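Protein chains in written order, with the working numbering: chain P, 1 to 290; chain F, 1 to 359.
It cannot be assumed that every hint is accurate.
Here are the computed distance ranges between Cβ atoms for each label pair [to be verified]:
#1 160(P) <-> 194(F): 31 to 41 Å
#2 56(P) <-> 201(F): 57 to 67 Å
#3 29(F) <-> 89(P): 48 to 58 Å
#4 257(P) <-> 128(F): 19 to 29 Å
#5 297(F) <-> 276(P): 22 to 32 Å
#6 163(F) <-> 184(P): 49 to 59 Å
#7 158(P) <-> 252(F): 56 to 66 Å
Simulated from the structure, these hints should not be mistaken for lab results. It should be emphasised that the depicted structure is a prediction, and the values quoted were computed from it without experimental measurement. Yeah, the Cβ is synthetic: ideal placement off N, Cα and C, and Gly gets one too.
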Amino acid sequence: MAQFLEYSVIGIASGGVYVLAALGFVIIYKAGSVFNFAMGEMMMIGAYMFYAVGVNLDFGWLAGLLFAVIGSAVLAMAIERALLRPMIGKPVVVLVMITLGVGSMLRGAAGLIWGPSIVQLPEFLPRKPIFLGDILIPGKLAWGLLGVGALALAFVAYYRFSRAGIAIRAISSDQVTAAGLGINIGQVFSLTWAMGGVLAAAAGIVAGAVNGVTPQLGVVALDVLAVVMLAGMTSIEGVMVAGIFIGWLETMVGAYLGAAWQSFLPYLVVLLAMTVKPTGLFGEHRIERI
Amino acid sequence: MRAETDQNQQPGSPEAGAAGAVAKSILASAAGRAALWILLAAALAAFPKISSVYLLYMASLVAINVIATTGLNITVGYAGLLSIGHSAFIGVGAYASALLWLHAGTPLLVNVVAGAFAAFLVGLVFGVPSLRIKGVYLAIATLAAQYSLYFIFQQWVVVTGGDRGLSLPRTNLFGLGDVGFYYFVVGLAAVLCLAARNLFRTRIGRAFIAVRERDYAAEVLGINVVRYKLLAFGLGAAYAGVAGAMIGVFLRIVNPDQFTIIASIFFLAAVVVGGRASILGSILGAGFMTLMPELLRAVLDLVGGGGRLDIAIVLSPVRETIFGALIVGFLMFEPRGLAGIVDRLRGRSEIIDSRPEAA
């Protein structure tokens, strides 16, 4: 029982990373209806930026964190402005293929700069384990979860209460009307991509701090799609529940059935979710059926 | 709205130039076209006589990839259903035909058909979500197919041999060895390309295009959208299955690492680079994408020769970067791909993605 609880806590903590990345995903999708397959690669690049400044240039982890967050936001905005903005109005399939291409470019670039082997991020989370009664929680995970939780809450608060958050929601429900009411749609796109970049970088750094970083991190991080699908593509609250649930389930399956099942499980969930309830558990009923 | 290439001929653009003019005058006459086809067939038939072992190997690989790319183009280009799991369907064909060969010892042609059929069925299974969902959701279903099938290839060790995969015996087609295989696969690719080209002159093919352009309108016109979407999915997968069966025979090994998502993106890039909704595009795209890494290796050898650059390490990320850049670049600046460039030289032009709003 104690072991089960311990795995549960570890699972919930690793679900936190999914929550962050999935939030970034949803915010970009809500504003521009762009399904960003490069999200995993944005996580990976964020983690590498952290590594480059924190370890390669040896400025310490705080500077690395700052650089990764700002750099990822700028990179995400640049991707949106240069590659996706000109394609507005093209079929969704084309936009999605562009994000796939961007992902491939980022993966290749990371491989060129940092090489194919795994790098370890600097130790910035305390290692000391935390004991809750009988349960032992690895220190990195616990502190990572705290950071993730704080960031996610800050994000939701900003989205709920700020003017920019209202503008995003307005665009998400009707672009033309929102533009007519004086919302600068281009600016909102930039803003949502910047937010997506920051969330991706944070998720990438936490994931990298636990498991190390390789150029393939982005492909692994595609598991986030399972979270987004289960939650329904547009639901902020749904993503939080689904992220933690998938993280928990994955850890459980990994612990009791073996690691190979772990990588397969998220996609099994996706297939089930799509066959049974394509809108996801919390999604808007916006999907057109034929 | 988009019309078939042949119906939308426009006067040649002035900048097409002298080369275009010559090409046009040859292509204008039926006799000229027939002569070109015969010339092409003769060149393909004579190729093994003049080529080295390496060139023959590359030519066979290009032919296999042409089959797979044509299949993906049916799904993505003509029917407008984004598939990111194409290499998994190739894998299904490869395993099905290899297993049949190893355990039943059936002749090659039977194995190829069985591989195509198996991939067709699996494609239908994963196409079922398209009954209820569309657009991006379908793309994720294919991604799920990619990972699920890879998982099965890797974990069902008793049947698939796990990570080590299946080793196949050497084939000797027509008693000609590698040359025989070349003839077989080139012939197969030619037949399948012709079949695909003719498909889009039939009711089924036109229905695919109608569904891509506007599914509601297609439905109103009496097209069973769900059935045609599934069919487009299954057909693309069947072509992948044929390519898979050929890859197994060609490399004499079938293992999970041949069928990763990277390979799926390779074929997607081939479709985009060659030209969506074009058979000529599939051929050009597959050829370009297959030969590009080889060219790249030569360039890297030249630039980084003398051991300054570890080519084995650099090649794979450079290739990935270029794949990605090609996808993005062609979508943005030449949405009709290499086939569009060829068409422009021939004095034809046509706009793809004429549809203003998103699907």
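Structure-based check of each hint:
1. 160(P) <-> 194(F): 31 to 41 Å: 59 Å, violated
2. 56(P) <-> 201(F): 57 to 67 Å: 59 Å Cβ-Cβ, so the 57 to 67 Å window holds.
3. 29(F) <-> 89(P): 48 to 58 Å: 41 Å, violated
4. 257(P) <-> 128(F): 19 to 29 Å: 26 Å, holds
5. 297(F) <-> 276(P): 22 to 32 Å: Violated, at about 47 Å.
6. 163(F) <-> 184(P): 49 to 59 Å: 53 Å, holds
7. 158(P) <-> 252(F): 56 to 66 Å: 58 Å, holds
Hint violations for this structure: numbers 1, 3 and 5, all remaining hints satisfied.
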